[in-house]
Amino acid sequence: MARITLDHLAHAYKANPRTAEDYALKEINHVWSQGGAYALLGPSGCGKTTLLNIISGLVRPTRGRVLFDDLDVTDLSTEARNIAQVFQFPVVYDTMTVRENLAFPLKNRNVSRERTARRVEEIASLLDLTRVLDRKASNLTADMKQKISLGRGLVRPDVAAILFDEPLTVIDPHLKWQLRSTLKEIHRALDITMIYVTHDQTEALTFADKVVVMHDGAVVQTGTPDELFERPAHTFVGHFIGSPGMNILPCRVEGATAFVGTSLISLRRTYRTLSDGERIELGIRPEFVRLQPKGAGLPVQIRRIDDIGRARIARVEMSGRPLAASIPDGISIEGNEASLVLDPNHVHIYANGHLVAGEATGGHAA
Amino acid sequence: MTKPLNNRAWFFVLPVFAIVAFSAILPLMTVVNYSVQDTFGNNQFFWNGIGWFQELLDPSSQLGEQFLSSLMRTLLFSAIILLIEVPLGIAVALSMPREGWTVALCLVLMAIPLLIPWNVVGTIWQVFARGDIGLLGWVVNRLGIDYNYTGDPIDAWVTIIVMDVWHWTSLVALLCYAGLKSIPDAYYQAARIDGASRWAVFSTIQLPKMRRVLLIAVLLRFMDSFMIYTEPFVLTGGGPGNATTFLSIDLVKLALGQFDLGKAAAMSLVYNLIILAICWVFYTVMTNVDAERERIEA
Ligand SMILES: Nc1ncnc2c1ncn2[C@@H]1O[C@H](COP(=O)(O)OP(=O)(O)OP(=O)(O)O)[C@@H](O)[C@H]1O
Ligand SMILES: [Mg+2]
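If you read the protein sequences in the order shown, they are chains H and D.
Here the working numbering is used: the first residue of the first sequence is -15, the next is one more, and so on.
Here the working numbering is used: the first residue of the second sequence is 1484, the next is one more, and so on.
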């Protein structure tokens, strides 16, 4: 059990990396606090597995340090780190029974026979493996094998952290739900730091207290699911989290007014520091853009209406820019023309992709 | 589910039958034919029934005694070869690099002995091991060890065994290497996470994953060593005395040296059956481990 600190961590698989592109992980500074349930979220190839493997010691970072509490473990082997990791695809030891598989990590660490037996029974009942404990692991289904892999990850109660690398990829959807809540329960019961890698946002948001979003080898935002939704620190987060993702519109900002094409949007905050060379964008989630019958508001053309179950989403065009907007219940729109009303509290301004804070202003600009 | 019957399949199968019949079944039948007859040359044959077989399998007869001792020699030879080459091949495969340019280098170096024709291998070692001009023989004698493979049976055996190990261990190693390469990295990573020792990694991951290729390696090495002919023939000619007269050498002596076609035919049939039987035993034992496991679970 430990707090894990990543200090100026960077990794390149190539020898002699030169440009930023050579790095699978760009510089990362991050602290995983003891007992947290983290989700590490990001698209394929952004370096999630690399980061986990560095934490567990399977990969040695090119630069930077890994600390468990105050101990520098960068040069320690995986075995010496006392950490558990579960991989994307099931790994079972073919010649052993399920029971022996689950006991293997404990046996290798000379845990006494009675404690091992007790622990194996506990884990098996948590994961519903009791029935098959005495069968050989080799010819079980992929689901079962992955449960065994999970079990081996969970069986040591004293680890610094448990790392899960997309552990439920091969699992059936209905079982997925169940296992995720089991993991959550185990987390509550044991107070162990857990880092759960996924590229599925619902999985991340349901498992974790804190979500770490990675993009292209860097951590772009860390926060609670609400924070990620309400205040994306990067246009990538806005786009990646939420379905549909945030609307990102190129714009020009003067003081507290944004110009999108020919439309004017008034802002809650004043932005004086934006320089001309930067790429300025306005971001707002579809949930905060309301479609209304033609009238006051920004004029738009409707292209399509999607019913996504819990809401209706209109795909519209504003000054030639595509946009997603929500349609409030009980409103029906005739024809193609409509108006948009933006909730000014949820309009964010981004410069080169990063959120700009702006200064609070009392009044509203025109 | 019923599979549609397609009579055109015969079109592809029949030529194969025909070729197998001409190349294997007919010659084999000729051998069977010879094995029940006696000949005094001049292409005259006389019916002898199972006489040769009786004589062959009766150790008190001269033929039977000769057969039994060659058989024992050959079995001993195969056993020694398997006991050395299989563990050695596994060890070599385990110590080969897994990536980088050295992989190609290793593979090429190891393939070289496999590409040398048998009689050349025999000749190489015949010269190499000579006490007067051979590098190996000379050095060994110089070291104060009395070594002479043409005079001393033990020396002759050692030379043949070392030669075969040199010639064929890389086959076992290459097969094992292929088996090892097919193990996904995740297994090794999981083993490190689980704190497995080097030995545990070998016995719980590598060896089980190599079982299939090992079966092939054992079968190939058994058959080959049990039928070994060319190299010892070139190296020792079966001597000194009869010390290295393996079944195949015995057989050729009988058939071509003495022109005892009947005896030789009977002997080759028995020889053949022994090989088949032993291969069957290996195969059943090694695959049964799998079957056993499944049966217990079912
Ligand atoms: N062993 C390796 N050698 C060289 N490059 C690698 C290696 N492993 C990963 N990479 C590269 O590093 C980058 C990050 O890979 P990584 O596996 O960490 O991504 P990921 O976020 O886990 O992706 P996924 O969601 O597909 O699992 C990728 O561009 C990948 O091609
Ligand atoms: Mg990955």
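Note that these hints are calculated values from the structure, not bench results.
Even glycine gets a Cβ: it sits at the ideal position worked out from N, Cα and C.
Watch out, some of these pointers could steer you wrong.
DEER-style ranges, computed between Cβ atoms [what the hints assert, rightly or not]: (1) H/V15 - D/A1683: 41 to 51 Å; (2) D/S1680 - H/W161: 53 to 63 Å; (3) H/P141 - D/A1760: 47 to 57 Å; (4) D/V1645 - H/L117: 47 to 57 Å; (5) H/P141 - D/R1695: 33 to 43 Å; (6) D/L1698 - H/E106: 38 to 48 Å; (7) D/W1763 - H/L174: 30 to 40 Å; (8) H/P141 - D/V1684: 19 to 29 Å; (9) H/L117 - D/W1763: 35 to 45 Å.
Return holds or violated for the Cβ distance of D/W1763 and H/L174 against the range 30 to 40 Å. 54 Å, violated
Cβ distance range 35 to 45 Å for H/L117 and D/W1763, holds or violated: 36 Å, holds
Within 47 to 57 Å: is that where the Cβ-Cβ distance between H/P141 and D/A1760 falls? 55 Å, holds
Between the beta carbons of D/S1680 and H/W161, is the distance compatible with 53 to 63 Å? Violated: the Cβ-Cβ distance is about 38 Å, outside 53 to 63 Å.
So the hint says 47 to 57 Å: do the beta-carbon atoms of D/V1645 and H/L117 match that? Because 50 Å falls inside the window, the suggested range holds.
For the hint 41 to 51 Å, verify it against the beta carbon of H/V15 and that of D/A1683. 35 Å, violated
Using the C-beta atoms of H/P141 and D/V1684, is the stated range 19 to 29 Å upheld? 24 Å, holds
Taking 38 to 48 Å as the stated bounds, is the beta-carbon spacing between D/L1698 and H/E106 within them? Because 39 Å falls inside the window, the suggested range holds.
Assessment of proposed distance window 33 to 43 Å (beta carbons of H/P141, D/R1695): At roughly 38 Å between Cβ atoms, D/R1695 and H/P141 fall inside 33 to 43 Å, so the hint holds.
Of the hints listed earlier, those the structure fails to meet are numbers 1, 2, 7, in rising order.
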